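J.: Listed in order, the protein sequences are those of chains A and B. Each residue of the first sequence is one higher than the one before, starting from 10 at the first, in this note's numbering. Each residue of the second sequence is one higher than the one before, starting from 10 at the first, in this note's numbering.
Treat the hints as calculated values from the structure; they're not laboratory data. Everything numeric in this text was worked out from a predicted model, so none of it was measured. It is possible that some hints are incorrect.
Identical chains blur together in the list; that is why a pair holds if it fits in one copy or across any two.
[What the hints assert, rightly or not] Straight line, CA to CA, 27 Å or less: simulated DSS-like cross-link-like pairs of lysine-lysine:
1. Lys245 - Lys105
2. Lys193 - Lys28
3. Lys112 - Lys11
4. Lys264 - Lys318
5. Lys105 - Lys251
6. Lys193 - Lys318
7. Lys296 - Lys136
8. Lys361 - Lys144
9. Lys112 - Lys251
10. Lys318 - Lys245
11. Lys188 - Lys105
12. Lys144 - Lys112
13. Lys296 - Lys69
14. Lys318 - Lys45
15. Lys251 - Lys45
16. Lys11 - Lys318
17. Lys251 - Lys273
There are 2 protein chains.
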Amino acid sequence: MKLQVTQENLNRALGSVAKVANSRNTLPILANVLMKTSNNRLSLSATNLDIGITHYIGSKVSEEGSITVPARLMQDFVGSLPEGVINLELQDTKLKVTTDQYKSVVNGIVADDFPVMPAISSGKSWKVSGATLKKGLQQVVFAASNDETRPVLTGVLLTTQDGVLSMAATDSYRLAEKKLGENKEDVNLLIPATALQDLLRIIGDSDDMVTITHDDQQVLFQVGDIELVTRLVDGKYPDYRKLIPSSFATQATLKRSDFINVTKVSSLFARESAGSVTIELDEATGKLSIRSVASQLGENTATAEANIKGTGSITLNSRYLLDGLNAVGGEEVTFGFNGKLEATLLHDSASKDYSHIIMPLKS
Amino acid sequence: MKLQVTQENLNRALGSVAKVANSRNTLPILANVLMKTSNNRLSLSATNLDIGITHYIGSKVSEEGSITVPARLMQDFVGSLPEGVINLELQDTKLKVTTDQYKSVVNGIVADDFPVMPAISSGKSWKVSGATLKKGLQQVVFAASNDETRPVLTGVLLTTQDGVLSMAATDSYRLAEKKLGENKEDVNLLIPATALQDLLRIIGDSDDMVTITHDDQQVLFQVGDIELVTRLVDGKYPDYRKLIPSSFATQATLKRSDFINVTKVSSLFARESAGSVTIELDEATGKLSIRSVASQLGENTATAEANIKGTGSITLNSRYLLDGLNAVGGEEVTFGFNGKLEATLLHDSASKDYSHIIMPLKS
Chain A
10 MKLQVTQENL NRALGSVAKV ANSRNTLPIL ANVLMKTSNN RLSLSATNLD IGITHYIGSK
70 VSEEGSITVP ARLMQDFVGS LPEGVINLEL QDTKLKVTTD QYKSVVNGIV ADDFPVMPAI
130 SSGKSWKVSG ATLKKGLQQV VFAASNDETR PVLTGVLLTT QDGVLSMAAT DSYRLAEKKL
190 GENKEDVNLL IPATALQDLL RIIGDSDDMV TITHDDQQVL FQVGDIELVT RLVDGKYPDY
250 RKLIPSSFAT QATLKRSDFI NVTKVSSLFA RESAGSVTIE LDEATGKLSI RSVASQLGEN
310 TATAEANIKG TGSITLNSRY LLDGLNAVGG EEVTFGFNGK LEATLLHDSA SKDYSHIIMP
370 LKS
Chain B
10 MKLQVTQENL NRALGSVAKV ANSRNTLPIL ANVLMKTSNN RLSLSATNLD IGITHYIGSK
70 VSEEGSITVP ARLMQDFVGS LPEGVINLEL QDTKLKVTTD QYKSVVNGIV ADDFPVMPAI
130 SSGKSWKVSG ATLKKGLQQV VFAASNDETR PVLTGVLLTT QDGVLSMAAT DSYRLAEKKL
190 GENKEDVNLL IPATALQDLL RIIGDSDDMV TITHDDQQVL FQVGDIELVT RLVDGKYPDY
250 RKLIPSSFAT QATLKRSDFI NVTKVSSLFA RESAGSVTIE LDEATGKLSI RSVASQLGEN
310 TATAEANIKG TGSITLNSRY LLDGLNAVGG EEVTFGFNGK LEATLLHDSA SKDYSHIIMP
370 LKS
């Protein structure tokens with residue numbers, strides 16, 4: 010193997026794949042990245058056996074070949090090099106990396122020892138706007154569970170209903186759903202949230218379309234020169250749509266930044282009580298107030314002006330409320346609830362594309 | 010106690026003192042900040058028994074008094090409040106904190122339980138420019154040891170010699186000395202490096218003069234409305250001046266940014282060898298090269314153009330070299346050494362005010 014690449018391209022490709030290699034793995038070779046030439050392209054691949062990412066970059070290949078090298082060292086090293094041409098040359102399992110100023114030898118492991126990258130041979134294929142997908146992922150993925158004992162909830166559900174594509178995640182304490190828009194293809198995919206976090210990183214600031222190809226077991230995302238394949242999560246996702254309340258006994262509409270500020274201040278006094286804060290809506294005074302009590306430290310009541318219908322109170326985890334307020338976006342938000350034990354709903358007052366549900370705490 | 014302060018002032022004062030209170034302490038009350046009115050000023054004080062900091066702010070006092078409250082909660086809380094007037098009112102040991110939107114009660118502990126703040130009653134007093142002191146502290150303090158078994162080396166020595174004030178610190182592997190300029194007062198103070206890190210934070214971007222007052226046991230720094238008192242370190246500081254080499258068998262002058270870059274890249278391959286890198290100067294080629302070998306990962310040689318006198322090589326810890334290169338400042342640096350076991354010297358080529366000495370590793 011002998012080739013030339015630019016530092017910028019190699020650095021970008023290592024940035025795409027190295028994180029998957031860096032995740033704690035049992036097989037040492039999974040900490041390596043596979044580099045392989047093919048015509049005038051160099052592919053860099055990494056996998057943790059569940060997720061595989063490959064990034065293709067242009068290169069001037071004078072001798073074909075392949076090798077695996079430590080991902081973290083290679084990423085740190087290439088990231089420290091100045092912009093410009095990098096010469097790569099393989100001698101046995103030693104990769105010589107040379108620029109004007111730097112001469113390095115990186116010890117590799119033969120490519121044959123690298124596991125077969127997850128791949129998808131056939132399946133349905135469709136496209137979605139990268140910007141739309143990214144925004145949706147940012148609003149939904151964090152609500153998935155990371156409790157491996159309930160694998161279904163570690164996934165994000167991508168489904169169509171009545172021709173509209175939506176994305177949903179829940180850890181059973183809160184639920185986020187985003188409607189992404191119309192979609193011709195009928196889909197029902199349960200995708201690991203960790204893979205979608207990688208996808209979010211890969212989409213970055215790109216405005217490209219994302220091509221999604223899937224069969225029963227796997228899904229492939231293609232963004233520009235990058236491919237991410239992940240296995241799907243097995244199991245039946247709960248019928249979350251029936252959990253989203255549609256009418257409310259009590260409801261407030263207020264500036265999102267006000268709601269965030271009063272929640273933040275209240276959460277400081279909620280540390281002792283595991284984040285528990287009580288929200289009171291008073292139709293007569295037009296005030297939303299949040300109260301938190303720390304028996305040791307003290308107590309706090311914070312109020313904000315709001316447009317209120319109905320009077321009542323509910324107790325929530327302030328961290329979940331802040332997560333929801335940050336994800337919902339928009340200038341003004343609407344927050345509604347019914348009984349003290351029923352699901353609450355938060356949405357952008359100007360749009361119903363995104364719903365954020367938080368289950369109350371017993372108060 | 011009943012008074013009004015602005016959020017900006019209270020927040021600034023808590024920022025000055027809270028960190029000392031937050032350091033891990035055995036006495037629970039040391040996690041509190043003492044608030045005390047006196048005429049139309051409010052003082053906030055915190056101490057860890059070694060170091061004490063007091064910040065005075067203007068306030069409208071309608072009833073004098075004092076109380077201690079949890080520093081971290083108070084800092085987080087006041088920091089989250091909007092700008093504007095804050096009302097403080099004490100009822101028993103409960104401090105009521107009220108603004109338009111927020112009503113809080115913070116549970117305090119009576120001021121009588123707070124330890125007496127370190128104070129200095131008399132002593133010599135002199136002034137030094139805050140900007141000069143800050144720059145010197147940034148270049149010197151990090152070189153002090155944090156090994157409590159050799160307390161003398163955890164201090165920074167502030168001394169005058171021939172009417173020139175200098176500051177020095179060493180952990181026995183490296184040594185930093187900064188000449189601060191002429192000083193009429195004769196001094197010889199060994200000040201804990203941790204106290205000087207707090208002083209650095211307190212000086213911030215202020216251009217004020219700093220007043221230094223000291224007796225045999227303590228030193229007081231006054232910066233604007235803030236006072237920091239610390240005990241001095243007991244013991245005799247090593248005669249460090251004789252360790253600074255003045256002539257060199259081998260010496261290179263080069264762009265500091267080049268030296269930093271090649272050291273950074275080399276250090277990546279020096280992780281296995283505890284940071285060990287070998288620097289070679291070659292007068293004939295005018296090149297400085299840094300070589301590092303990681304038996305497992307690979308090896309690296311990086312070169313930079315330099316103006317070189319004498320040919321030779323020396324092995325250093327790359328982290329110490331990077332620390333030194335970052336601290337030394339300036340466009341061009343001069344790096345000199347003699348035998349393989351003797352101290353090396355790094356300084357700004359344009360100035361000899363700052364000397365950074367690194368002891369070599371055995372190679």
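J.: Now, for every hint given, state plainly whether the structure supports it.
T.: These are the hints, each one checked on the structure:
1. Lys245 - Lys105: Classified as neither; 50 Å inside a copy, 52 Å across copies.
2. Lys193 - Lys28: neither (33 Å within a copy, 58 Å between copies)
3. Lys112 - Lys11: Within one copy only: 15 Å inside a chain, 70 Å across chains, cut-off 27 Å.
4. Lys264 - Lys318: within (16 Å within a copy, 68 Å between copies)
5. Lys105 - Lys251: Close neither inside one copy (59 Å) nor across copies (45 Å); limit 27 Å.
6. Lys193 - Lys318: Neither way: Lys193 and Lys318 sit 39 Å apart in one copy and 74 Å across, limit 27 Å.
7. Lys296 - Lys136: neither (46 Å within a copy, 54 Å between copies)
8. Lys361 - Lys144: within (15 Å within a copy, 55 Å between copies)
9. Lys112 - Lys251: Neither, since 62 Å and 39 Å both go past 27 Å.
10. Lys318 - Lys245: neither (38 Å within a copy, 74 Å between copies)
11. Lys188 - Lys105: Intra 49 Å, inter 46 Å, cutoff 27 Å: neither.
12. Lys144 - Lys112: Neither way: Lys144 and Lys112 sit 42 Å apart in one copy and 37 Å across, limit 27 Å.
13. Lys296 - Lys69: Classified as neither: same-chain Cα gap 67 Å, cross-chain 30 Å, threshold 27 Å.
14. Lys318 - Lys45: Neither way: Lys318 and Lys45 sit 63 Å apart in one copy and 45 Å across, limit 27 Å.
15. Lys251 - Lys45: The answer is neither: 49 Å in one copy and 57 Å across copies each exceed 27 Å.
16. Lys11 - Lys318: The answer is neither: 71 Å in one copy and 38 Å across copies each exceed 27 Å.
17. Lys251 - Lys273: neither (31 Å within a copy, 56 Å between copies)
When held up to the earlier numbered hints, the structure conflicts with 1, 2, 5, 6, 7, 9, 10, 11, 12, 13, 14, 15, 16 and 17 and fits the remainder.
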